[in-house]
Structure formats: structure tokens, C-alpha cells
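*Asks:* Which chain is which? The protein sequence lines are E and A, in order. Under the numbering used here, the letters of the first sequence match residues 548 to 758, in that order. Under the numbering used here, the letters of the second sequence match residues 548 to 758, in that order.
Check before you lean on any hint, since a few could be wrong.
It does not matter which identical chain is meant; a pair holds if it fits inside one copy or across any two.
Mimicking DMTMM-like on lysine to aspartate or glutamate, the simulated pairs with C-alpha atoms at most 25 angstroms apart in a straight line are [stated by the list, open to error]:
1. Lys753 - Asp632
2. Lys569 - Asp632
3. Lys582 - Glu682
4. Lys583 - Glu683
5. Lys583 - Glu682
6. Lys582 - Glu738
7. Lys569 - Glu621
8. Lys583 - Glu689
9. Lys673 - Glu621
10. Lys582 - Asp756
11. Lys582 - Glu683
12. Lys582 - Asp620
Derived by calculation from the structure, the hints in this document are not laboratory data.
2 protein chains.
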Amino acid sequence: MELFNYFRSSASWRVRIALALKGLDYDYTAIHLVKKEQLAEDFAAMQASRLVPLLRDGDELLGQSMAIIEYLDETHPEPPLLPADALGRARVRALAQDIACEIHPLNNLRVLRYLVHDMGLSDDQKNRWIRHWIEEGLAVVERKLEAGPAGRFCHGDAPGLADCVLVPQIFNAQRFEARLDHVPRVLRVHEACMTLPAFDQTQPSKCPDAE
Amino acid sequence: MELFNYFRSSASWRVRIALALKGLDYDYTAIHLVKKEQLAEDFAAMQASRLVPLLRDGDELLGQSMAIIEYLDETHPEPPLLPADALGRARVRALAQDIACEIHPLNNLRVLRYLVHDMGLSDDQKNRWIRHWIEEGLAVVERKLEAGPAGRFCHGDAPGLADCVLVPQIFNAQRFEARLDHVPRVLRVHEACMTLPAFDQTQPSKCPDAE
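Construct all of the structure, not just a fragment, from the sequences and the given hints.
*Replies:* Next comes the structure, spelled out in C-alpha cells:
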């Protein structure tokens, strides 16, 4: 397999974690988003959305991090990244989507660029925007963790899809100096994840293209 | 089952379509987003995210439209809303996420409110913002439909998860007068969907709380 990704892209990191949890080897191909390499002809020809991550598995090309992780879970079932029961799966998918649909899309690079360059937001406004959605969104995750089954991770005592999505979001939160004192359960899950090599070894600063 | 939703919420409509495709009955409970009923104590106690849709199935509460649809597909398998093969499922999920993660989050009500009230965008800027993400995002879907398997719907000749997500996005596009002449395949799929009662009968204007 070959993963086209960028060290700082949190959607990319989600997939790196999943691949590592599954113990799957892959070639790491860096696509430098700030240099806009995702718009280069050869990458754009493979990826209709011009987004990372993109996974090549044999002749097949797969996009969208959550869809890729579900694909990996279906094609390489051990260890499972989703619970065995439909309700558990629904809870884990919803937690992942609370981040991947409600927080991350508002704060990714192309959106921030558009806010500043096309909507005329100042850097201060941009930072306020970023922190607002992170702080509100993580409060939702915190409430769900409080109501959910006990365990070291988002859903019980094994890491899964929701953890793959949560940890990169916490790194973004820290990078943008969002407030995190209102989400102690989120931080405990994050800490538990970071003790595992699958999370630690795939973090942005340890990627081949890290700057 | 009971669906807490709002006639104009496109995430709500996705679930209404899925329920209708499955032939499942449910009680329709309106949560008026403009009147901020989602923040009322009784709803907030059920839904950590204060978002619609929320599905109650017996004693269980489920959020996030794509997670709900996958849950319905697992608990009521016929007719299937995802393909039988892992690659097909990955493609359909990615298509759904190209809309649900890349377009819709940028244009939902609370985000638009924040842009205007907290970031000081004018109505003209807000409309430009909305149309930008819809037009760019649907161009991605168009390229994927062009590259994908032939068929009347997003993935072959039966409607599924991606169609549940696509159709409400097209209604939003039309409502905000986004350009659509660059996405003829998207429009053909939309038209095919709207010939089906599951899409037509659940559309915003036909909801009990329509205004």
C-alpha cells in the first residue's frame, strides 16, 4: 500500500494511526499542502478532491480518512477498530463524525486560507474562529465520553476509529492554543492513546516530511 | 422510532430519506433550529451535540446522520444502502463524506451565524462563502461520478448512502443560488432520486413543520 499524505494533515494522521494499529506496512509519499503539491497534475489525476490522505491499495485508490479506515477494518479485521455491536459502532462513528464533520472541516488549511484571503479576516479573527470550533466541538465529545461506557479509550479499553480521529484534533487544539481545561476526559483518552506506538510513532513530528 | 429533526436541516433530511428507503415508520418530532429549540433543556439532555437529527430507537439515542444511516442499514438490511463489496462501500462512504465533511459543515446554520455575528461578514460575503464551498465541493462529486461505475444513482442503479447525502445538498445549492451548470452528472443523479417517493415525500416543503 502507498499513503499519500502530509505530516501536519490531521486527516492523514488518522489513517497513519489506523495502519499502525493494524500493523500494516505502506510506502509514505509526502504531498506538501503548503506548497500546493495536491494541485499538481499527477496527484490531481488520482484524487478528484485534491485532498490528502489518499491510499493506494494495489490498483485501487481510496480517499476520505473515515472511509479509508472502515475499508482497512473490513479488509484487515484484526484488531477491530469498530465494536462488534451495531449500537457500539453507531456510537463510535458518531464520535468520529462529531470531530470529522463538526470541528475539523472548519479549521483545515484551505478553509483558513479562504477566510483570510477571500473573506478578509485578520489573523486574530482567524485564531478566534479556530479556537471557537475546537472548544465547542470538544465539549460535545467530553459530554459523550461522560455518558458512555467506562474505559481508557473513546469506547472501552481498546483504541478504535474514534481515537484515530480524536488524537490529531487534540494536537491541532494544542497547536492553536485552544482552551482544554473543560475536557478532562478527552485529555485522558488522548494521553492513553499517546502511550501506544501506533499513535506516538505516527505523529507529525516523527513523519518523514516533518519540518 | 422517533426522529428529532428540522424540515430545513439537510442532515435531518438524509435520515428521513434512509428511513423511507427502508420503509420504516417513525414519529416526526420537530426541533426548530431558528428558534433554537435544540438548546432547550429537554433536548440538550438527550443530545450532547445539540444537533439534529437525533434518532430514538427504543431506549437508544443516536446522532450524526451518516452514523444513523449505517446503523439503520445494519439493523434493517433491506434494501441495502451500501454496496456488498468493501471497495464499493469505501467509494460510497467517501462520496457521502465529500459532501458531509467538505461542503455541508461550512454552510450550516450555526456556522453562518458565527460568520455574520462574530466575524462580521456581510450578507454578500456570507453568500459568496456558501456558494464557493458548494460549487467547489460538487465539482469533486462530479469528477467522481464521471470516473465511477455507470448507473442512475451515485453508485449503480440503486439509491444508497451517497444519494441520501447528495440530494439535500442540491436543495441547499438551489436555495443559495449556487452555480450548477458544471455538474451535469450530479444533477442527473439528483433528478433520478427525486422521482422516488422516498426522496420526494421527505423533502423540506412536505415536512410537518415546513414553513
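*Asks:* Each of the hints needs a verdict: does it hold here or not?
*Replies:* Comparing the hints with the structure gives:
no.	hint	verdict
1	Lys753 - Asp632	neither (35 angstroms within a copy, 35 angstroms between copies)
2	Lys569 - Asp632	both (20 angstroms within a copy, 20 angstroms between copies)
3	Lys582 - Glu682	between (29 angstroms within a copy, 23 angstroms between copies)
4	Lys583 - Glu683	between (30 angstroms within a copy, 16 angstroms between copies)
5	Lys583 - Glu682	between (29 angstroms within a copy, 20 angstroms between copies)
6	Lys582 - Glu738	neither (32 angstroms within a copy, 39 angstroms between copies)
7	Lys569 - Glu621	both (11 angstroms within a copy, 24 angstroms between copies)
8	Lys583 - Glu689	between (35 angstroms within a copy, 22 angstroms between copies)
9	Lys673 - Glu621	neither (39 angstroms within a copy, 41 angstroms between copies)
10	Lys582 - Asp756	within (13 angstroms within a copy, 48 angstroms between copies)
11	Lys582 - Glu683	between (31 angstroms within a copy, 20 angstroms between copies)
12	Lys582 - Asp620	neither (32 angstroms within a copy, 41 angstroms between copies)
When each numbered hint is compared with the structure, violations occur for hints 1, 6, 9, 12.
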